[in-house]
Each structure stands twice: as structure tokens, then as C-alpha cells.
Amino acid sequence: MMENIIEISYFIAAILFILGLKKMSSPVTARGGIVWAGIGMLVATLITFLHPGMGNYLLMTVAIFVGGVAALWSGKKVAITDMPQMIALYNGMGGGAAGAIAAVELLRGEFHSQTFLTLAVLGALIGSVSFSGSLIAFAKLQGWLRRPMRFPGQQIFNIFVFLAAAAFGALLVTRGEFSGTIILIFFVTALAYGLLMALPIGGADMPVVISLFNALTGLAVAFEGFVLNNAAMIIAGTVVGSAGTLLTQLMARAMNRSIGNVLFSSFGSSDGGAADNVEGSMKPIDAADAGIMMAYAERVIIIPGYGMAVAQAQHKVWELAELLISRGVNVKFAIHPVAGRMPGHMNVLLAEANVPYDLLYDLDEINAAFPQTDVSLVIGANDVVNPSARTNPDSPIYGMPILNADMSHNVIVIKRGQGKGFSGVENALFFGDNTRMLYGDGQAMAGELIAAIKEL
Amino acid sequence: MIEGMTALYIFMLSAFTGYEIISRVPVILHTPLMSGSNFVHGIVLVGAMVAMGHAHTTLELVVGFVGVALAAGNAVGGYVVTERMLEMFKSSKGGK
Chain V
1 MMENIIEISY FIAAILFILG LKKMSSPVTA RGGIVWAGIG MLVATLITFL HPGMGNYLLM
61 TVAIFVGGVA ALWSGKKVAI TDMPQMIALY NGMGGGAAGA IAAVELLRGE FHSQTFLTLA
121 VLGALIGSVS FSGSLIAFAK LQGWLRRPMR FPGQQIFNIF VFLAAAAFGA LLVTRGEFSG
181 TIILIFFVTA LAYGLLMALP IGGADMPVVI SLFNALTGLA VAFEGFVLNN AAMIIAGTVV
241 GSAGTLLTQL MARAMNRSIG NVLFSSFGSS DGGAADNVEG SMKPIDAADA GIMMAYAERV
301 IIIPGYGMAV AQAQHKVWEL AELLISRGVN VKFAIHPVAG RMPGHMNVLL AEANVPYDLL
361 YDLDEINAAF PQTDVSLVIG ANDVVNPSAR TNPDSPIYGM PILNADMSHN VIVIKRGQGK
421 GFSGVENALF FGDNTRMLYG DGQAMAGELI AAIKEL
Chain H
1001 MIEGMTALYI FMLSAFTGYE IISRVPVILH TPLMSGSNFV HGIVLVGAMV AMGHAHTTLE
1061 LVVGFVGVAL AAGNAVGGYV VTERMLEMFK SSKGGK
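So the sequence lines, in the order shown, correspond to chains V and H.
Going by the working numbering, the first sequence opens with residue 1, and the numbers climb by one from there.
Going by the working numbering, the second sequence opens with residue 1001, and the numbers climb by one from there.
None of these hints come from the bench; they were simulated from the model.
Accuracy of the hints is not assured; some may be wrong.
With beta-carbon atoms standing in for the labels, derived distance ranges [claimed, not checked]: (1) V/51 / H/1058: 19 to 29 Å; (2) H/1005 / V/50: 23 to 33 Å; (3) H/1006 / V/354: 25 to 35 Å; (4) H/1005 / V/144: 41 to 51 Å; (5) V/229 / H/1058: 48 to 58 Å; (6) H/1006 / V/82: 21 to 31 Å; (7) V/50 / H/1058: 18 to 28 Å; (8) H/1005 / V/76: 21 to 31 Å.
In this text the structure is predicted, and so the values were computed from the model without any measurement.
We put the CB at the ideal spot given by N, CA and C, even for glycine.
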């Protein structure tokens, strides 16, 4: 009887997860989606206390409390710009939990069949890699690890470590008896591989890697679900595994990188110097003139980049946009897929500043509009508006989809100095005849533009 | 007991479901959706609880405890972060 109630609750939880994720894939219903999934999680967790033959309830409650409160506190406190690394951190915790489940099961050593044992070990391997790899991703985005770490023969060394982990895993599966030493070595090598895998990857590629680890954790959870004969874990884990894999591909495509490229190449390590033959000079403008230009324009497109978020300028930028709208200017925001730190991140940052999402346009939607646009305001963006990606086959970023800001009648670029973008490539847009540079901090300059327009 | 072909069928159907859910998602929801799916695999908490509940030796108990705490962090943190992100999606037309 109790078993049936538990099974039915898990079934309901699985349905709520799927419906919740489905709702989360549209901006209109997204908020309801997370609530549905949350209810599913609550039902599943509470009903698990009724599992027959369990003990350690007090300590279990303490563990839930410890992990839950720490996550609640950190999740509430974190700034919106820092959310990607928190996702990495929580994801790593999930992978670690999957590894811990496998460790407990291996220590107990009661497996119904060879298949379950194999799945437990596979889940442990994937979960451990996801755990340590996600921690590196977190440390990198948090700024604790600034430089990608590379050494000669790294890929070969990594493969060797992975094979060692796989070999000890195979040893566990085939031996059928579990010495603590082998279990320990297996986990240590698996964790080491996760570290080594993530260390050489640069910060800009981290979103793709986090998404990949997210999918891997899902898979690990599904595998441990088979071991524990738990349908909710199997279904939820597999759904996340496949959805996460697809999401990883979409992100990589948006950045014009293949997943293999992200994982096994070293982007940005070469200087890509050959392509820096840009003609012309940068022409400065002051805020008053720029303000007049925008105030009397018919159509303005604002192109925000991560630099805007770093300068915490999104509120000022929206104030500026509102002011222009109130003067009858048609204002749109053009969002490059990788404008933030991960696809969609810029949308979240602008949403925080109360910018309505129907003023935000994707690359595909807006590129045709640039030739009819009077002023494009580039703020904190660089590589994503570099026309070299379209015109110069020698450029390291050639082929990357960009926003065609250079095609608009006038371009105003707010920028702190004359430096290059993340890719280290000179930006041809800044030297264009129709481009004026407004040097200064994003937030301060947006403020000056507002003041200039208000005086008109 | 879920085993053999039944397990394989569940695995296959779930994989297709996940793929279908994501295939038509707009770019603006990539980050929240990644965060949301990160929350959903917090279901690992259920497994960690079962594993810890059946632990006998001290070592098993300690590992189980760590597992439950990590899983609870995954679930709670995933929910809080996703909720905070989605809370901010508003339309200029005033609707939700």
C-alpha cells in the first residue's frame, strides 16, 4: 500500500517536472513552470521520508537543512550578473550527490545484477566529473582562477587520467567485490579528470561547459535512478540529460563554436595578430552632441554588451531609452546571443532593469533593420558588432554571426578606452566613417546622455 | 522493479521528451531554462535520502550525509536562482 502511494507520488512529480520545463520554454508561462516543478520536488521529497526500511531520519533532516539553508542564503544573495557561476555550483552539487549515492551503494555492495552495478559505476564516474568540473567553472567565473591553465601534452595526460578512472571503474564492475581502496582510487581519478578537463577552458567558453556538465549531471542522476529503482530520478534525469545536451549544442552554435572545439582547443591562446590592418581612425564625440543625435533620430537601436552589465549601467540605459521613447523615438534593443556571459543572460540583466522583453530583439530579427536605423548605440559590446567577422576571412572571429551595427546611418560607441575586445581583435566598426566614440564609463555616459537630452 | 527492456523504453521516451521540450525555445530563455533543468535534476535528493536511509556503517552514513546535503543544495539553490531570474520577465503591455 505504502509502496503504491510512493510510486504514484513519484509519477506525479515526474509529470510536474516535464510540464514545468515545458512551461519554462515560453516567456509568458515561464514563471508558472518553475513553481510546478517546485511542487513536484516538494511532493517527491516529502513522500521519500515514508520509504519503508529507512533509518537515520534525524541526521537526514539535518543534512537537508544544512544544504538547503546554505543554498537558499547564497541563491538569494547573489547578484544577477553572478548567476551563471551559481548555476555551475548548484549543478556540481547535484553531480556530487549522484557520486555519493553510488559510493554508498558500492560500499554496501548489494547489487541485483551486473547491469545495475555497471550503471552505478557509470553514474559515479559522470557525476564526479561533473562535480569537480563544475567547481572549476564556478571558480573561473567567480574570478578566483583567472587564466586558463595549459601545459604541454595536456590532452594526452587528460586522456590518460580518464582511462585510469575508467579502468578502476571496470575493475569494480568485473571484480564483484569492493575493496575500499579501489573505490577510493576510482573516485579520486574521476574527480581529477573533472578538474583537468575544465582547467584549460577559457572563461568565455564556460557557459557551454556548464551546460554540458548540467546535462552530464542529469545523466548521472538517471543512472543512479536505475540502481535505486526510482522512476522519478530516471525520468527527470534523462529529460535533463537530453534537454541539456540540446541546449549545449544551441549555445555552442550561437557562439559559432563546436562543442569539440570548446573542450579540446585553446581559443585566445594565439594572438591572432595577422588581421589587425584596420584603416582609419577613431573619432570621438561628446555626450551633448551624441544626445542631440539620438533625440532627433527616428529609429534608435541599443546594443548592450557584457561591459554594460559590469558597469551596472542597465538601469541608466533603460532610463535613457524611456526618455527617447517619450520623445517619440522608436527604440529597440538588439541582443546578440552571447551578449552576456551565456545565451539569454543579457535578457535577464535587462529584465532586472525593467526593460520589457518585447523591446528585445534577436540577431535574426533585427539585422535587417539596421540600414533603416538612424543611430545604433553600442554600449559595452565589442566583438559582437565587429564587421570583420563578416568581411575579413583572416580574422580569428570570421564567420561569427554579428549584429550589423555598421550598416546603420550613425553609430555611437560608449567605451572606456581604446582597448580591444575579448578576442583580442581590433574592431573595424570603431574606425568606420559613420562611427563616433563616446569615451567613458557606461553608467556615467548614459547619465550624461540623459542630462543632455533633457536640456533640449 | 524496473528492468531490462522497460528501463530502456523509459530511458528512450524520456530522452525524446527532453529533446522536444527544448527544441523550440527562444534564445532569451536559454539561461533560465538551463537553470530550471539544473533544478529538476535536484531530484537526486530523493535518491540520496534513500541511500542515506539504508546506510549501516559510519562511513556509509558520512558519505550519505554529504550526498543529501549536496543534493538539497542543488534543489534549493536551483529553485531560488531560477525563480529570481524568471520573476524579472515582464512585458511592456503590463501582462505577466
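Handout entry: Supplied distance hint 19 to 29 Å, evaluated on CB atoms of residue 51 of chain V and residue 1058 of chain H
Key = Given a distance of about 21 Å, which is inside 19 to 29 Å, the answer is holds.
Practice task
Check the following: the C-beta atoms of residue 1005 of chain H and residue 50 of chain V are separated by a distance inside 23 to 33 Å.
Solution key: holds (30 Å)
Practice task
Check the following: the C-beta atoms of residue 1005 of chain H and residue 76 of chain V are separated by a distance inside 21 to 31 Å.
Solution key: At 45 Å between Cβs, range violated.
Exercise for the section: Using the beta carbons of residue 1006 of chain H and residue 82 of chain V, state whether their distance is inside 21 to 31 Å or not. Expected result: violated (43 Å)
Handout entry: Status of the given 25 to 35 Å range, CB of residue 354 of chain V versus CB of residue 1006 of chain H
Key = For residue 1006 of chain H and residue 354 of chain V the Cβ distance comes to about 50 Å; the hint is violated.
Exercise for the section: Take a look at whether the Cβ-Cβ distance between residue 50 of chain V and residue 1058 of chain H falls inside 18 to 28 Å. Expected result: Holds, since residue 50 of chain V and residue 1058 of chain H (Cβ atoms, about 26 Å apart) stay within the stated range.
Practice task
Indicate whether the distance between the beta carbons of residue 229 of chain V and residue 1058 of chain H respects the range 48 to 58 Å.
Solution key: Since the Cβ atoms of residue 229 of chain V and residue 1058 of chain H sit about 26 Å apart, the hinted range of 48 to 58 Å is violated.
Exercise for the section: With 41 to 51 Å as the target window, see if residue 1005 of chain H and residue 144 of chain V comply at their CB atoms. Expected result: holds (47 Å)
The structure shown violates the earlier hints numbered 3, 5, 6, 8.
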